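Chemist: Chain by chain, the residues run as shown.
Number of protein chains: 2
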Amino acid sequence: MLQGTKVKRIEGVLAPVITPFRRDLSPDADRFVRHCRWLMRNGCAGLAVFGTNSEANSMSVEEKLELLDALVKGGVPAAALMPGTGHCALSDSVKMTREAVRLGCGGVLMLPPFYYKGVSDEGLFRSFSEVIERVGDERLRLYLYHIPPVANVPITLDLIGRLLDRYPGVVAGVKDSSGDWSSTKPMLERFRDRGFDVFAGSEVFLLDNMRGGGKGCITATGNVNPGAIDHVCRNWRSPDADKLQAGITATRKIVQKQPMIPALKAIVAHFGNDAEWRRTRPPLLELTPEQERTLIPELKAAGFAMPGLP
Amino acid sequence: MLQGTKVKRIEGVLAPVITPFRRDLSPDADRFVRHCRWLMRNGCAGLAVFGTNSEANSMSVEEKLELLDALVKGGVPAAALMPGTGHCALSDSVKMTREAVRLGCGGVLMLPPFYYKGVSDEGLFRSFSEVIERVGDERLRLYLYHIPPVANVPITLDLIGRLLDRYPGVVAGVKDSSGDWSSTKPMLERFRDRGFDVFAGSEVFLLDNMRGGGKGCITATGNVNPGAIDHVCRNWRSPDADKLQAGITATRKIVQKQPMIPALKAIVAHFGNDAEWRRTRPPLLELTPEQERTLIPELKAAGFAMPGLP
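Each protein sequence line maps, in turn, to chains A and B. Position 310 of the first sequence, counted from 1, bears residue number 310 in the numbering used here, the numbering being contiguous throughout. Position 276 of the second sequence, counted from 1, bears residue number 276 in the numbering used here, the numbering being contiguous throughout.
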């Protein structure tokens, strides 16, 4: 039976890093590495590259592997990386997970296969199991990615339990992007004492998650506000934790009035004075000038800044 | 402006061909080619390989291109092929569509990028447009794949209109797998006179579609019942067309009492006496023995057969 080795796990705030695209829509490795370095210097404990906010599914496996390689060559510690490696195709998930482990990534964040809807827990168990067995490496740390509003394929408590029974130490945790605390709470209660690390999918739930025994959050706005979110994560036991939480929640609420991914890109473009960052791959669209004219002044009025953005 | 060349289009019954997998879950090209040949000899005018029923999204681009190559080398006429080439990743859709055109395929059936939900028509227009422009070949015949129950990303009438305006002759038609005649009817009424070929996504709507000016159907059960469905398609003007339609609808209803994809595989396994066919890739599951014990006798009682199945 494959069992995970005992090594230090990633804990704290992770950004699902947004991906810059060139004029021809090819991924821009230089800008990507620069942004990742800024994130690591400014509060991120790790980087969940190739997540939903990364437009990861809009890129091929080859494009993502090139970016991952550039990151590691660019000096970002592989142990801090938790790339998204779950695809609809079993063969794609295996290929990318294998490569992430080979590079020494601290973990992988794995979507369920998300094309077919209404699939059974047994089918999903077999999907994850096939990837784990084919990769066959005890260094693998697999974090399940529960994001029913987008994937439309949920990861149930029963499925988590079955995977933990079979692959203790390899199945390492979850990102819960349900946006629903009543989903996260039982994950903590049932599995936190079994080496299962629960990350909230939004900093709105960060304090609740830390108080419940979770390990941090993996959050879109970690791309632009990592310092303040990290401050809450480190000080969750302090008397003013609720006040700190209210601050990061307020920033989040401003950003999420707009479509999240282009909003994050517009913020980095604006505060880094680099228009190239605004570009998205279809089917996503950039913010309209009007949306951006609403977003940026609201952030500035709230005292938001991105110090030292390259 | 890219305009399609005038060549004979695929019309009639197409099967979204089920994909056989070996014990190690690798695609089995030999069995695949044999089944495709049987389909072409037994009523199919064309083959919509790599559709939903093909478990196409459970395979990598490379795995699909190997199967496509084997088909063409195996003597199946490329002009009869309408492979699914739409992926979440723009780069994957471009790569596979380009290769399909290079091989001389009669068309491609293209899913919208299906990870992000609630995307705009503008975003989807850009997705299809980028693929068409990057492939840049007037031989391309692009059929839009509308399957909201699975993709959860619909293709609207407005989007079809915009794509037809920009790419007449290249945007060649649609497979409507909404399961809802009130979706298909306006597609026919608005676009059938603009070189836009409407295929019903199920033979249940075949007669309605032919009477409304459609060109046939692309249907799951085309994998097992192509002769009878083709007979309706060819005789839709005959006085007993409604009776013929009732016959194929009855067969369909028996099959779809079970989960469709494993049911089709179980039927081919049973009538071809080849257990290997039962295998699915996760997250799909084979039929249970009990499900199969319900399905097969019901089909036999209805007089169903698959003559000459290899």
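Rather than coming from a laboratory, the hints here were simulated on the basis of the structure. Misleading hints may appear alongside valid ones.
Any copy will do: because identical chains look the same in the list, a pair fits if it lies in one copy or spans two.
Computed list of lysine-lysine pairs in DSBU-like fashion (alpha-carbon distance at most 35 Å, straight line) [what the hints assert, rightly or not]: (1) K300 to K8; (2) K253 to K117; (3) K185 to K73; (4) K117 to K257; (5) K243 to K73; (6) K117 to K185; (7) K300 to K117.
Just so it is clear, the structure is predicted and the values come from calculations on it, not from any experiment.
Chemist: None of the hints should be skipped; say for each whether it holds.
Modeler: Comparing the hints with the structure gives:
In this homomeric assembly, K300 and K8 never come within 35 Å of each other (Cα to Cα): the closest approach is 38 Å inside a single copy and 60 Å across copies. Taking the shortest alpha-carbon separations for K253 and K117, both the intra-copy value of 31 Å and the inter-copy value of 21 Å come in at or below 35 Å. For the identical chains of this complex, K185 and K73 are neighbours neither inside a copy (38 Å) nor across copies (55 Å), given an alpha-carbon limit of 35 Å. Taking the shortest alpha-carbon separations for K117 and K257, both the intra-copy value of 29 Å and the inter-copy value of 17 Å come in at or below 35 Å.
With identical chains, the CA atoms of K243 and K73 are never at most 35 Å apart, being 40 Å at best within one copy and 68 Å at best between copies. In the homo-oligomer, the alpha carbons of K117 and K185 lie at most 35 Å apart both inside one protomer (25 Å) and across protomers (26 Å), since each shortest distance falls under that limit. Taking the closest pair of Cα atoms, K300 and K117 come within 35 Å of each other only across two copies (30 Å); inside a single copy the shortest separation is 42 Å, beyond that limit.
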